[in-house]
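Asker: Sequence:
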Amino acid sequence: MEERVFYTSELPEDADANDLVLVDEADQLLFNETDAVRERLKHPKVLAFTATISKSELESVEVKAVKVLGYKRMVYSVVRTDGAEDPGFHEMYDKEDETTLASLINIYRPGQPVLVYCSQADLVLLRARIPELIELELVEDYTDLLDTETKDGEDQHKVYATATEKSMRGLDFRAPRLGMTLLVAAPFSTPRDLSQGLSRVGRFGDSCLRVKVGAFEDVDRVKNADVMKRLLALVAEARLKKETYAMKNVGKKDGNKR
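With numbering that gives the first Met the number 0, the residue at position 207 of the sequence shown is 206, and numbering never jumps.
No incorrect hints appear here.
Calculated pairs, DSSO-like style, for lysine-lysine (alpha carbon to alpha carbon, straight line, at most 27 angstroms):
1. K222 <-> K66
2. K71 <-> K44
3. K63 <-> K228
4. K63 <-> K165
5. K63 <-> K44
6. K94 <-> K211
7. K228 <-> K41
8. K94 <-> K165
9. K211 <-> K222
10. K222 <-> K165
11. K211 <-> K54
12. K165 <-> K41
13. K71 <-> K228
14. K165 <-> K44
These are calculated hints, taken from the structure and not from any lab test.
Construct all of the structure, not just a fragment, from the sequences and the given hints.
Answerer: Okay, structure coming up:
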């Protein structure tokens, strides 16, 4: 029987027990499609890669859920030797009106490329105000994103924008010569998503300015609680099945000896 290999950040539609599925950004699938992950990844051979976990209540629940799903957990940690802490914001601005975000882009853009994470409503407004805006969801060849810096003599650098957390993962925006500005104008769903989003820029020693635009909690409490609720339900269901099985089999071994 034919064996296939899938490399994906989505759930494969037709993978079976003979296939090998390599899942990238697997924590996103576990957080957002908990039930589907359990059903559609139980048959094929699966190797799942996730972003580095952070110390939070959600991550402790995630570890339990991964165990329930039957995965062997292997952790590879990169130990930082420069003494730096996890990314945070360097500057913060109030969002006074719908023009604030575009105005900030025009302030930072002459000096370096800009990456914007915002709501869908803000993204619509930015399209009208900055026609040359590069929307990450519309990019077909992601290798084009690697060249973020303009040529010498140009005074307006590239502006990238997205309203989805998925686009804030897996890509390292490099600007080794000029550095880059990240404008965050919307909350993230989980602490893991926040850490990943803030790390899209400033990697490999690149200069980076991370700016928060607006008054909001970095992590959306409602969305984070919803993820935890689904993972806890998965863990509770598995424990109930295990306890039910144990109760049904109490005394069976002794009974067979009689």
